[in-house]
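Visitor: Residues per chain, in single letters:
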Amino acid sequence: MAGVHLKGIVKRYGKGDPVLKGIDLDVEESEFMVLVGPSGCGKSTILRVVSGLEEIDSGEIRIGERVVNDAPPRERDIAMVFQNYALYPHLKVYDNIAFGLRVRKTPKEEIDTLVREAAELLNLGSMLDKLPKELSGGERQRVALGRAIVRKPKAFLFDEPLSNLDAKLRVQMRAEISALHQRLKITTLYVTHDQVEAMTMGERITVLESGEIQQTDVPMGLYERPANRFVGTFIGSPPMNILDARLDGGRLAVGECIFSAGVPDELRNRADSRGFLLGIRPEHLEVHDRPEGLRATIDLIEPMGGESNIYLSTGAGRVVATMPGIAVRKRSDEVFLRFDPAAAHFFDSRSGVRLGEGSVPGRSG
Amino acid sequence: MTKRALKSALRHGALALFTLATIYPIVQVVSISLRPGDRLYTTSLALIPEGASLDAYHAILFDKPFLLWMRNSLIVSVSVTIIGVALAATAGYAFARFRFPGRGAGMLAFLVTQMFPATMLLLPLFLLLRKIGLVDAMPGLIIAYVATALPFCVWTMKGYYESIPVELEEAAMVDGTTRVGAFTRVTLPLSAPALMITALFSFMTAWSEFMVARVIIQKLGLYTLPLGLESLAGTFQTEWANYSAGAILVCIPVVALFLALNRYLVSGLTLGGVKG
Ligand SMILES: Nc1ncnc2c1ncn2[C@@H]1O[C@H](COP(=O)(O)OP(=O)(O)OP(=O)(O)O)[C@@H](O)[C@H]1O
Ligand SMILES: [Mg+2]
Numbered sequence: 001m002a003g004v005h006l007k008g009i010v011k012r013y014g015k016g017d018p019v020l021k022g023i024d025l026d027v028e029e030s031e032f033m034v035l036v037g038p039s040g041c042g043k044s045t046i047l048r049v050v051s052g053l054e055e056i057d058s059g060e061i062r063i064g065e066r067v068v069n070d071a072p073p074r075e076r077d078i079a080m081v082f083q084n085y086a087l088y089p090h091l092k093v094y095d096n097i098a099f100g101l102r103v104r105k106t107p108k109e110e111i112d113t114l115v116r117e118a119a120e121l122l123n124l125g126s127m128l129d130k131l132p133k134e135l136s137g138g139e140r141q142r143v144a145l146g147r148a149i150v151r152k153p154k155a156f157l158f159d160e161p162l163s164n165l166d167a168k169l170r171v172q173m174r175a176e177i178s179a180l181h182q183r184l185k186i187t188t189l190y191v192t193h194d195q196v197e198a199m200t201m202g203e204r205i206t207v208l209e210s211g212e213i214q215q216t217d218v219p220m221g222l223y224e225r226p227a228n229r230f231v232g233t234f235i236g237s238p239p240m241n242i243l244d245a246r247l248d249g250g251r252l253a254v255g256e257c258i259f260s261a262g263v264p265d266e267l268r269n270r271a272d273s274r275g276f277l278l279g280i281r282p283e284h285l286e287v288h289d290r291p292e293g294l295r296a297t298i299d300l301i302e303p304m305g306g307e308s309n310i311y312l313s314t315g316a317g318r319v320v321a322t323m324p325g326i327a328v329r330k331r332s333d334e335v336f337l338r339f340d341p342a343a344a345h346f347f348d349s350r351s352g353v354r355l356g357e358g359s360v361p362g363r364s365g
Numbered sequence: 366m367t368k369r370a371l372k373s374a375l376r377h378g379a380l381a382l383f384t385l386a387t388i389y390p391i392v393q394v395v396s397i398s399l400r401p402g403d404r405l406y407t408t409s410l411a412l413i414p415e416g417a418s419l420d421a422y423h424a425i426l427f428d429k430p431f432l433l434w435m436r437n438s439l440i441v442s443v444s445v446t447i448i449g450v451a452l453a454a455t456a457g458y459a460f461a462r463f464r465f466p467g468r469g470a471g472m473l474a475f476l477v478t479q480m481f482p483a484t485m486l487l488l489p490l491f492l493l494l495r496k497i498g499l500v501d502a503m504p505g506l507i508i509a510y511v512a513t514a515l516p517f518c519v520w521t522m523k524g525y526y527e528s529i530p531v532e533l534e535e536a537a538m539v540d541g542t543t544r545v546g547a548f549t550r551v552t553l554p555l556s557a558p559a560l561m562i563t564a565l566f567s568f569m570t571a572w573s574e575f576m577v578a579r580v581i582i583q584k585l586g587l588y589t590l591p592l593g594l595e596s597l598a599g600t601f602q603t604e605w606a607n608y609s610a611g612a613i614l615v616c617i618p619v620v621a622l623f624l625a626l627n628r629y630l631v632s633g634l635t636l637g638g639v640k641g
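Protein chains in written order, with the working numbering: chain F, 1 to 365; chain Y, 366 to 641.
Source of the hints: derived by calculation from the structure; they are not laboratory data. Mixed in with the good hints, there may be bad ones.
[Claimed, not checked] Derived contacts from chain F toward chain Y, CB cut-off under 7 Å, selection only:
id: 1; residue: N69
id: 2; residue: A71
id: 3; residue: V103
id: 4; residue: R104
id: 5; residue: T106
id: 6; residue: P107
id: 7; residue: A167
id: 8; residue: L169
[What the hints assert, rightly or not] Covered, in the sense of this in silico footprint (three residues per stretch, anywhere, with C-beta under 8 Å from a C-beta of chain F), are these stretches of chain Y:
id: 9; stretch: 476-483
id: 10; stretch: 527-536
[Said to hold, decoys possible] A few chain Y positions that, by computed beta-carbon distances, are all more than 10 Å from chain F:
id: 11; residue: V539
id: 12; residue: G541
id: 13; residue: P554
id: 14; residue: I617
Every residue, glycine too, gets a C-beta built ideally from N, C-alpha and C.
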C-alpha cells in the first residue's frame, strides 16, 4: 500500500487548452479520497493519468516512493473500477477476477485461494461460473470490485462506479464500498459527480472544476468553510443560496433588508461600498410571517417527507429554504425570510473567493 | 385468407422462387455428374438419371490429377487464410485504435481498390509479380490472393474492433498486461465472429478463383482446382460428367466450412451495428 501524490500535473488533449491545469493532490496511505466535480471538469482524466492510461504534459506522479511518470499501467500496481464495469465478456466471473493474477503469473493454487477469498468477501460465491451478461448491475459491480481487490494493489481508483445503478442499489453499494475500505484500508481515489456520495463516503474530498482543484478538506470542512462560491454551491443539497449583498453604513444589507449584527472584519475593512456575495444554506433560512427580514413570495413547495424545500422569490434574487416537516404554506403566499448572519458565508463578487464568515464571536440567536 | 396470411404467402412464394433459381443449376450439375457417358443434354427430367453411376467420381479422383489440384488449392487457400487473417487482424486493430498520419488515406485506399474489377488489377499485379520473379510460383499466387482479399478483411476487422469498448483493453492493461497482451487476451477472443468472416472470405477468395490463377500459373504441376477443372473442358470435346463430378467435389469443402461456421457467420454479419 502507498500514498498517491500528484504535483503540478498538466494534461492536454491535442493542442487545445489543458484539461488539467496544474493539479496538486495528495492521497495519503490508506486514505479514502473522493474527487468530485461537475461533468467534464477532468475527474476521469486524473484517474487515467494516475493509472498510466494517459500521459502527462508536465508534473510528477508518485505512487508510494516511486515516481511513475513514465511507467506503463502494468508497472504501477493499481486497480481501477470503471463506470461501465469493463468486465471481460468472454470470461466467467471466476476468470474475470483471476485475470490480473494470471497475467502476473501467480501460482494456480494461490489464485484459487485469493479468488475464493475475494468472492466470499463480496458475496459472489454462487456466481463464479456465470458470464458477466448473466449478472445484474449490482452483481457486475461487485465482480468489478472483486477484480480490483483480489490483487491487493497499492491503490484503488474508482470512476463513478455507482452511476449505472438504481437509487436503492446505489445506497447499498455505497455502504459496501465504505465497509470494504474500512476492512482493507487500501488507498483509494474515488471519482463521482454526486456530492451526496462524496459527503457520505469521503474521508477527505477534493472539489475539482475546469481542471483546477478548488478545495481539499474533510467533508464537514467543505460544508462549513467552502473556499469559494463554487464549492459553496456545489456541496450541499439543495445548493447554497447566493445573494448580492453590500455594506450600508458598516452594516450588512441584502435587498431592502439591513442587518444589525455580525459582519466579519475582512468585510468591514473594505473601504469601498462595492458589493459582495452572501451565501446562506437552505436550512439556515427561516420562513415566517412577521414582517422582519427579506420579503419573499413562495414559488414552489417540494415535500420531501421529513422536510420540505420551499422555493421563493425575493427582491435580492431567488432562494430555496428547507423546513422540517410538511409546509403549511402554499404557493404565492407572502412571507419573510430571516437568517443568522453568523451562519452566512461571504464571497468576493468577482473572483468568488471566500471573504470570511459571519462573525463567530457574535454568533447568537 | 386474411391480409397477413396473404402477405406471408407472397413473401414465401418469392423466396421459394429465388431458392429454386439458385438450386436448379446445382441439381443439374449433380444430375449430370451421375449420368453414364457424357450426355449433357437429355430429355429426361429425372433427377437421378437412368443407370446412374459414380463412375465419373471415380474417374476424376483416380484417372485425373484431381488430388494434385486439390493439394495445390489447399496449400494456396490455407496460406491465404492464415496470412490474410493475421494481417487483417493486426492492420484492422491499428486502424481502429490508433491515430497516425496516413490513417484516413490508408482506409480510403483500401476502399478504392474494392471499386476496380479484379480483372483491371490483373495486369499490374502480373507485372509486379514478374519483377520479383514470382510468376508461375505458388507464393506469387498467394500474394495476389492476399492482396485481393485484404481490403475487405481489414475493413471488417476494423469495424468489429470499434464495436469493442476500449475500456476492456484499458482494464486489462491496468490489470497487468502489455498492450499486446490486452490485444491477445481480450480483444482477439472477443473478435472471434469477425475473425471467422475474415478467414472464410480469404479462403473463398483463393479457393474458387480462376482468372488470376490462369494468368499467373502455367506449370501443370501448380494447377489449382479451378484451373484443373477448366482443363477438363477440352477444345474439341468436354467430359461433362467428369467435369460436373469435379465441380461437386470442389464445392464440398466449402459447403462443409459454411455449415461449420454458420453460427459465427450469422452473428458476425449482423455485427458492427450493435455496441456493447
Ligand atoms: N480523448 C480525449 N480527447 C480529447 N478531449 C478529451 C478526451 N478525453 C477527455 N477530453 C476532454 O477533457 C475534459 C475532461 O474530461 P473528463 O473525462 O476527465 O471529465 P470528467 O470530469 O470525468 O467528466 P464526467 O463526469 O462527464 O465523466 C472534457 O472537456 C473532455 O471533453
Ligand atoms: Mg468521467
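Visitor: Determine for every hint whether it applies to the structure shown.
Guide: Tested hints:
1. Annotation: F/N69 was flagged as interfacial toward chain Y, and the flag is violated, the nearest CB pair being 17 Å apart, outside 7 Å.
2. For the restraint placing F/A71 at the interface with chain Y, the shortest Cβ-Cβ distance is roughly 12 Å, beyond the 7 Å limit, so the hint is violated.
3. Here the hint on F/V103 is kept, as its CB sits about 4 Å from the closest CB of chain Y, short of 7 Å.
4. Taken as an interface hint, F/R104 checks out: its beta carbon lies about 5 Å from the nearest beta carbon of chain Y, inside 7 Å.
5. Proximity of F/T106 to chain Y is violated relative to the hint, the smallest CB-CB distance being about 10 Å (cut-off 7 Å).
6. With a cut of 7 Å, the hint placing F/P107 at the interface with chain Y is violated, because the nearest CB-to-CB distance is about 15 Å.
7. For F/A167, the shortest C-beta to C-beta distance to chain Y is roughly 24 Å, which exceeds 7 Å, and the interface hint is violated.
8. For F/L169, the interface hint is violated, since its Cβ never comes within 7 Å of a Cβ in chain Y; the closest pair sits about 20 Å apart.
9. Residue count for the stretch 476-483 of chain Y with a Cβ under 8 Å from a Cβ of chain F: 0. That is fewer than the three needed, and the coverage hint is violated.
10. Residue count for the stretch 527-536 of chain Y with a Cβ under 8 Å from a Cβ of chain F: 5. That meets the three needed, and the coverage hint holds.
11. Y/V539, annotated as away from the interface, has a beta carbon of chain F within 10 Å; the closest lies near 5 Å.
12. The non-interface label for Y/G541 is inconsistent with chain F: the shortest C-beta to C-beta separation is roughly 4 Å, within 10 Å.
13. Annotated as non-interface, Y/P554 brings its C-beta within 10 Å of a C-beta of chain F; the closest such distance is 5 Å.
14. Every CB of chain F lies more than 10 Å from the CB of Y/I617, the least distance being 32 Å, so the non-interface label holds.
Violated hints, in rising order: 1, 2, 5, 6, 7, 8, 9, 11, 12 and 13; the structure is consistent with all others.
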